[in-house]
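> First to last, the protein sequences are chains A and X. Quick note: the UniProt record's numbering has the first sequence finishing at residue 431, numbered continuously throughout. Quick note: the UniProt record's numbering has the second sequence finishing at residue 308, numbered continuously throughout.
Note that these hints are calculated values from the structure, not bench results. Hints are not guaranteed to be accurate.
Said to hold, decoys possible - Non-contacting residues of chain A with respect to chain X, defined by C-beta distances greater than 10 Å in every case (computed):
id	residue
1	Ser89
2	Lys132
3	Asp200
What the hints assert, rightly or not - Partial chain A-side listing against chain X, Cβ under 7 Å, derived:
id	residue
4	Asn75
5	Gln77
6	Val81
7	Gln82
8	Tyr114
9	Leu135
10	Ser198
11	Pro201
12	Pro252
13	Tyr396
14	Ala397
15	Ala404
16	Ala428
The C-beta atom is built at its ideal place from N, Cα and C for all residues, glycine as well.
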Amino acid sequence: MSKVFQFKKSWILLISIVALLALAACSSDGSSSGSGGEEPDKITAWAWDPNFNIAALNQAKKAYDGDLNLEIIENAQDDIVQKLNTGLSSGTMKGMPNIVLIEDQRAQSFLQSYPDAFYPIDDYINPDDFAKYKLAPTSLDGKQYGLPFDTGVTGLFFRTDYLKEAGYTKEDLTNITWQKYIEIGKDVKKKTGKDMISLDPNDLGLIRVMIQSAGSWYVEEDGKTVNLVDNEPLKMAFKNYKAMMEADFVKPNSDWSQFIASFNSGDVATVPSGNWIGPSIEAEDSQAGKWEVAPIPKLDMEGAVNASNQGGSSFYVLNIPGKEKAAKFLGETFGGNKDFYQDLVTEVGALGTYKPAADGEAYQSKNDFFNDQQLIADFSKWTEEIPSVNYGMHTYAIEDILAAEMQNYLKGKKLEDALTDAQAQAEAQLK
Amino acid sequence: MKKTAKSLSVPYTAKKAPAGGRLKKNYIGWLFILIATIGIGLFYFYPMIQALLLSFQSGMGANLEYVGLDNYIRLFNDPTFIAALTNTFVYLLIQVPVMIVLALFFSVLLNDATLKFRGFFRTAIFLPCVTSLVAYAVLFKYLFGLNGLVNRFLMDLSIISEPLNWLSDPLLAKITIIIAITWRWTGYNMIFYLSALQNVDRSMYEAAKIDGASAVQQFFYITIPMLKPIILFTSIISTIGTLQIFDEIMNITNGGPGNATLSISMYIYNLSFEYSPDFGYAATVSYVIVILIVILSLIQFKVAGDDK
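Turn these sequences into a full structure, and let the hints steer you where they fit.
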């Protein structure tokens, strides 16, 4: 009897193992999806920022003639990055959106990490219609995957009243270098008591802005070779950053809301930032007419220009059923509809990188919050000057290493040593 | 009692029971076990083994390939990992003892039957443990912000003349994190000590008092020895918790300034989601936590749990 029982015991054990394996096999079987499958009725799009990207998608939905049931889902950018990474790496495309917004600096890491997960859209748009600096991050191996959208073009937003009090006009701020900016900052602080800028010591966004204005990045042209120690623009950017920190005109912030508060409360005189900060500045009605925008300062070196990019993003189509529908929708709105861009500028205030749209009427409109400045026209003019760089895939990994070395540098470590160490660490880490 | 024991053993030993009933009983018993076994196997062991396999692979996103022990070798040459490990140990070595001493202190105070509003104080100290991790972390971020309550309070008391940069200074940021976790978890440990103290026989204290032992002596010679197993338990739980610390770092300092507060879990997150994803290496780092927890728990058992 006990033999029978033992037999049964092993039999049941066997079944449970088989069941386990079968279940486990099921979970990895999903990887074959992606191609094939039925056309869905609904196209979903993931994006962040309700005032900018989500509003732009809604506008595109309105402008689109074709038959499309588009569902726009708002996610925080971090959530999108997480969901895409977990979803795509598990091999299953279930629950993935048809259209997704990805920041330019992250795009290559997705395109290269998940081959075949994205759908090339060359047949739906003409890449030459878009600003050149947007094409390198959005394409891979000669195929265009992303539809270039948000420019991320930078400008130097400044308080006219504070600058005037210190004796400066817009001309004094136009086409200057960062050194000049620091001089003016010290003067402004002395004469008005206001800080010149608000910075988050943990965020090197401004360093990125500086080096791109000189056509440089953390990696070389190939997007892989780490380029820190012999990177002249980076050295100069570090020196500028330290000079700012030591000039006693920096109001530190440690997150987004403190950053917004720093200028909405009237504590700082300038905000050098991507154009997307505009709506946040305009949110403080009482400061209407007190702001204007000058071109971003540049590095004091040959080849540097007064134009750069911060936090631009683009739309991508995932390689799942519905991809043709999604690509067609993007192509006929963001990818080729000049009139749509005029509405986008007037109603949403969002600026794309579609070149033909720039001659449109709405692009010449004046913005009364910014002293009747032709803000959109200025921004689109600067967009054309942004140097094109290859961001590669490791922007954020390298930046964390640099942020640590920046702390050491600020504390007194020699710049050469800090960058040599950062270079060595980055090379060890990014094999 | 005897009867039940006998009837339970029927399927295994008794020869008189009809074969059909025995089979049926066996099936039902195994069915219950089977569901749990499959569940545990699928949701605990399968992922653990997968993660172990993953830790021998490397590559971006879905392009993984087996690299043998490369990831484990990489650990030792990775300054970011070493920084994260050091930070985590700093939290562990400072925060866990501080918290356990505090929890002991509070529990002994609150166990005093003569104390008024005991219920209120107990609730007040335990309350932080039921608040949401993210919510309290965000709150601490604002408390310790440049214009936060802490700075204003210190300035009002003329302890400092300028607001301290709690979140952007490497040392102060670490202190902020330690204060935050201590606030959050002290009450949790206190509850364990309180319930253990209820089981300590009062007559021991009375006898000690008669023998002329002071309150401090009673604490060191009665309370601490009686609570020893609980202290061991809480220190292991706290060690595990601290090694896995994530929410506070993520929400208060985001690992900064410049990796000064980065924890191992936060580094795993960064490797998986912030940087170009390398899930293989992230799995390796997470196995380091497992290994550390095992080692530290063993040490704690050896040091404190000598009688078992």
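> Starting from the hint list further up, note which numbers the structure goes against and sort them upward.
1, 3, 4, 5, 9 and 10
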